[in-house]
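Asker: From first to last, the protein sequence lines are chains W and S. The numbering used here numbers the first residue of the first sequence as 60 and each following residue consecutively. The numbering used here numbers the first residue of the second sequence as 60 and each following residue consecutively.
Just so you know, not all the hints are guaranteed correct.
One copy or any two copies: either way a pair holds, since identical chains are not told apart in the list.
Said to hold, decoys possible - Taking lysine-lysine and the DSS-like style, the derived pairs with C-alpha atoms no more than 25 Å apart in a straight line are:
hint, residue 1, residue 2
1, Lys-294, Lys-245
2, Lys-359, Lys-369
3, Lys-130, Lys-351
4, Lys-371, Lys-382
5, Lys-133, Lys-359
6, Lys-359, Lys-282
7, Lys-245, Lys-282
8, Lys-382, Lys-66
9, Lys-382, Lys-245
10, Lys-294, Lys-371
11, Lys-133, Lys-351
12, Lys-294, Lys-368
13, Lys-192, Lys-71
14, Lys-382, Lys-294
15, Lys-282, Lys-368
16, Lys-294, Lys-251
17, Lys-192, Lys-350
18, Lys-350, Lys-133
19, Lys-154, Lys-71
20, Lys-369, Lys-294
FYI, nobody ran anything at the bench for these hints, they're computed from the structure.
The lines below spell out each chain.
Protein chains: 2
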Amino acid sequence: MAYSKVKYEDIKKLCNLVFKRFGFNEKESETITDVLLLSDLYGIESHGIQRLVKYYSEIKGGLININSEIKIVKETPVSAVLDAQAGMGQLVGEKAMNMAIEKAETSGIGMVVVRNSNHYGIAGYYARMAEKKGLLGISMTNSPAVIVPTFGKEAMLGTNPIAISMPAEPYPFLLDMSTSVVTRGKIEVYNKRQEPLPLGLGLNSEGEDTTDPGDILYNVPRKLGGGLLPLGGSKELTGGHKGYGFALAVEMFTAILSGGFTGNYVHLDGSDGSGTCHSFFAVNYGIFGDKKSIEDSFSKYLNELRDSKKAKGAVRIYTHGEKEIEAYNDKMKNGVSMNDITLKEINDICEYFDIQMSDYISKI
Amino acid sequence: MAYSKVKYEDIKKLCNLVFKRFGFNEKESETITDVLLLSDLYGIESHGIQRLVKYYSEIKGGLININSEIKIVKETPVSAVLDAQAGMGQLVGEKAMNMAIEKAETSGIGMVVVRNSNHYGIAGYYARMAEKKGLLGISMTNSPAVIVPTFGKEAMLGTNPIAISMPAEPYPFLLDMSTSVVTRGKIEVYNKRQEPLPLGLGLNSEGEDTTDPGDILYNVPRKLGGGLLPLGGSKELTGGHKGYGFALAVEMFTAILSGGFTGNYVHLDGSDGSGTCHSFFAVNYGIFGDKKSIEDSFSKYLNELRDSKKAKGAVRIYTHGEKEIEAYNDKMKNGVSMNDITLKEINDICEYFDIQMSDYISKI
Chain W
60 MAYSKVKYED IKKLCNLVFK RFGFNEKESE TITDVLLLSD LYGIESHGIQ RLVKYYSEIK
120 GGLININSEI KIVKETPVSA VLDAQAGMGQ LVGEKAMNMA IEKAETSGIG MVVVRNSNHY
180 GIAGYYARMA EKKGLLGISM TNSPAVIVPT FGKEAMLGTN PIAISMPAEP YPFLLDMSTS
240 VVTRGKIEVY NKRQEPLPLG LGLNSEGEDT TDPGDILYNV PRKLGGGLLP LGGSKELTGG
300 HKGYGFALAV EMFTAILSGG FTGNYVHLDG SDGSGTCHSF FAVNYGIFGD KKSIEDSFSK
360 YLNELRDSKK AKGAVRIYTH GEKEIEAYND KMKNGVSMND ITLKEINDIC EYFDIQMSDY
420 ISKI
Chain S
60 MAYSKVKYED IKKLCNLVFK RFGFNEKESE TITDVLLLSD LYGIESHGIQ RLVKYYSEIK
120 GGLININSEI KIVKETPVSA VLDAQAGMGQ LVGEKAMNMA IEKAETSGIG MVVVRNSNHY
180 GIAGYYARMA EKKGLLGISM TNSPAVIVPT FGKEAMLGTN PIAISMPAEP YPFLLDMSTS
240 VVTRGKIEVY NKRQEPLPLG LGLNSEGEDT TDPGDILYNV PRKLGGGLLP LGGSKELTGG
300 HKGYGFALAV EMFTAILSGG FTGNYVHLDG SDGSGTCHSF FAVNYGIFGD KKSIEDSFSK
360 YLNELRDSKK AKGAVRIYTH GEKEIEAYND KMKNGVSMND ITLKEINDIC EYFDIQMSDY
420 ISKI
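For reference, chain W alone in the conformation it holds in the complex (with noise of 0.2 Å):
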């Protein structure tokens, strides 16, 4: 596939613009643009602005209500319940974060869930929210479902990413990873590429491992069984009954606590709406003591992993939100990369709304 780079603030300015004309308020346009757009910028292609053609399919489709008002179903010093009413994640994710955030800085801690949203982009935005104030932040969603819980052949589990950031220099820490061993993205690069899949990855609809990526593609979605291996595989030797338990873990802290859809009902043709949950979780670690004692000693540890030995062969040990910081600043400076599928998307959308695309935007 072939990329082009454009600038961050040509592509925000268009993306804004296309939320408008899809019906969000300024607001709500810059706040979906600024998540998507990190993705991009951390260099998860699959969860950035390329998203934007499907967001307009789930709105026109009725997944996704741009009208509707979120409800606080329940709340209390450190929690809350939002019912996201069928409305963008990104929206109810914001909203959500920012009342764990305010609680957490009152209380200490502060724990937020929400039902009926749909896909809320990267979970690390959430986290890093907390992170960027100073607090240690969780963020969690479930998904439709993907994965197989284990000696399984039916998708049962979403992806149900954990995402987890605490101030740290001269990185903060960012862990986000899907439950599974690779997300559906990595399967559709395979398939795109025409390459076999390593065994490992990916279930038939037996519930053998496969290698054909395209196999698993069909079938999830039709419900015809196969799907993605938990983190640790397909054994209980190799951990998998671990992943299978993070990702139904992950199930419990969204949809089970917020009274939502967990994965095996997200999503299904028919519901009204998605009904994917998620959940938000900030801890001012002062409470645990003096904040930059614990903050330095974050960064040395981090750093002594970072500077331990390394295995033969290899050159550098990374320590989680490295290579997406790294990939910011270099995006930032140098542009943001976008395929050619989605820069010919993206314009199917400006011409359908009347927006010279290259008005906005050109390559650079």
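Position chain S relative to chain W; hints supplied.
Answerer: Here is chain S on its own, set in the frame of chain W:
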């Protein structure tokens, strides 16, 4: 290895007595015994009564101080930091989880972190303390460094288990897992059997995949390089950086937040105490909705997972905790399995303290 079965009540009485002879009072001995034997009842031999000899040598060696007072360093309505002052892990563990439970019952959420502690047995014991009170419970602990970061060859993180438990019918949910592919105990089993290790579990001193379990067991405590692989294995493709991230997050939630030692400093010869750190977390999920409805929807989902379609050749899908509860019921009825080496070690300790082991236990 030959195994015998002994009655739970018999081994409990003897174990209590031995801990009293070590110098613990009646209540302390009961708590430690309760934690240790739950591990045997769950079928997790490595963390059960076979630790008796090791604990005694750690008391004699000064790592464990039986007279230490647990110090409350800092406290808020939702949190506390405890300094175990080199005391027994089970004692500070029980106190810390009880504090987290009280805070959750009063404020909705409780989070207690502990520094300067020792081995505390199975993390699942503490998570279930909360579960038995109708709360969501989490516990984590760090441990002497044995996990190697992705692309490294130096053990820098403990096996760092995470346990999560929540009420459900007919089985509670109990995830209790190390963040390595397998625990050190599993490597010991391969070594005892003189069997080659499957690839993907551990690294040799150069940071290369190894099939030699003895190599890992020799190298790690001597800091010669190598160790266990994080969940997901040695490669980013198989998600090794995810397991590494979870292990790192456990260091953050235990050592960093409590102001204690990270895994690479735990249990170093010459340090005063082992420096192990734990964390305990309880949530009264009544803050999110009707408790009974939440439990019912969780039970329903766990049941759907167990009832979902099986992979070709598989007969059963488990949810986490099911195997432990089945083992518990079996062993309470039919006796606890103890291997001959452990029985011999207990007999030696009994002789040392002038206890006639046969007065207390007989093989079934």
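Asker: Now look at each hint and say whether the structure bears it out.
Answerer: Results for each hint:
1. Taking the shortest alpha-carbon separations for Lys-294 and Lys-245, both the intra-copy value of 21 Å and the inter-copy value of 15 Å come in at or below 25 Å.
2. With identical chains, the CA atoms of Lys-359 and Lys-369 are at most 25 Å apart within one copy only, with a shortest distance of 18 Å there and 47 Å across copies.
3. Taking the shortest alpha-carbon separations for Lys-130 and Lys-351, only the inter-copy value of 22 Å comes in at or below 25 Å, while the best intra-copy value is 37 Å.
4. For a Cα distance limit of 25 Å, the shortest separation of Lys-371 from Lys-382 inside one copy, 21 Å, qualifies, whereas the shortest one across copies, 39 Å, does not.
5. In the homo-oligomer, the alpha carbons of Lys-133 and Lys-359 lie at most 25 Å apart only across protomers (23 Å), although the nearest pairing inside one protomer, at 40 Å, exceeds that limit.
6. Proximity of Lys-359 to Lys-282 under the C-alpha cut-off of 25 Å is restricted to the inter-copy arrangement: shortest distance 20 Å between copies versus 48 Å within a copy.
7. Taking CA atoms no more than 25 Å apart as the test, Lys-245 paired with Lys-282 passes inside one copy only; the shortest distance there is 20 Å, against 37 Å between copies.
8. Taking the closest pair of Cα atoms, Lys-382 and Lys-66 come within 25 Å of each other only inside a single copy of the chain (20 Å); across copies the shortest separation is 55 Å, beyond that limit.
9. Taking CA atoms no more than 25 Å apart as the test, Lys-382 paired with Lys-245 passes inside one copy only; the shortest distance there is 18 Å, against 33 Å between copies.
10. In this assembly of identical chains, the alpha carbons of Lys-294 and Lys-371 lie at most 25 Å apart only when taken from different copies (13 Å versus 28 Å within one copy).
11. Within a single copy, Lys-133 and Lys-351 get their C-alpha atoms only as close as 34 Å, which misses the 25 Å cut-off; across copies the closest is 16 Å, which meets it.
12. When the C-alpha separation of Lys-294 and Lys-368 is checked against a cutoff of 25 Å, the pair qualifies only between copies, where the shortest distance is 17 Å, while the shortest distance within a copy is 30 Å.
13. In this assembly of identical chains, Lys-192 and Lys-71 lie within 25 Å of each other by CA distance solely inside one copy; the values are 24 Å within and 50 Å between copies.
14. Proximity of Lys-382 and Lys-294 under a CA criterion of 25 Å is satisfied inter-copy only: 16 Å between copies versus 30 Å inside one chain copy.
15. For the identical chains of this complex, Lys-282 and Lys-368 are inter-copy neighbours only, at 11 Å across copies versus 46 Å inside a copy, given an alpha-carbon limit of 25 Å.
16. When the C-alpha separation of Lys-294 and Lys-251 is checked against a cutoff of 25 Å, the pair qualifies only between copies, where the shortest distance is 23 Å, while the shortest distance within a copy is 28 Å.
17. When the C-alpha separation of Lys-192 and Lys-350 is checked against a cutoff of 25 Å, the pair qualifies only within one copy, where the shortest distance is 12 Å, while the shortest distance between copies is 32 Å.
18. Proximity of Lys-350 to Lys-133 under the C-alpha cut-off of 25 Å is restricted to the inter-copy arrangement: shortest distance 13 Å between copies versus 31 Å within a copy.
19. Taking CA atoms no more than 25 Å apart as the test, Lys-154 paired with Lys-71 passes inside one copy only; the shortest distance there is 21 Å, against 52 Å between copies.
20. Taking CA atoms no more than 25 Å apart as the test, Lys-369 paired with Lys-294 passes between copies only; the shortest distance there is 14 Å, against 29 Å inside one copy.
Comparing the model with each earlier hint shows no violations; every hint is respected.
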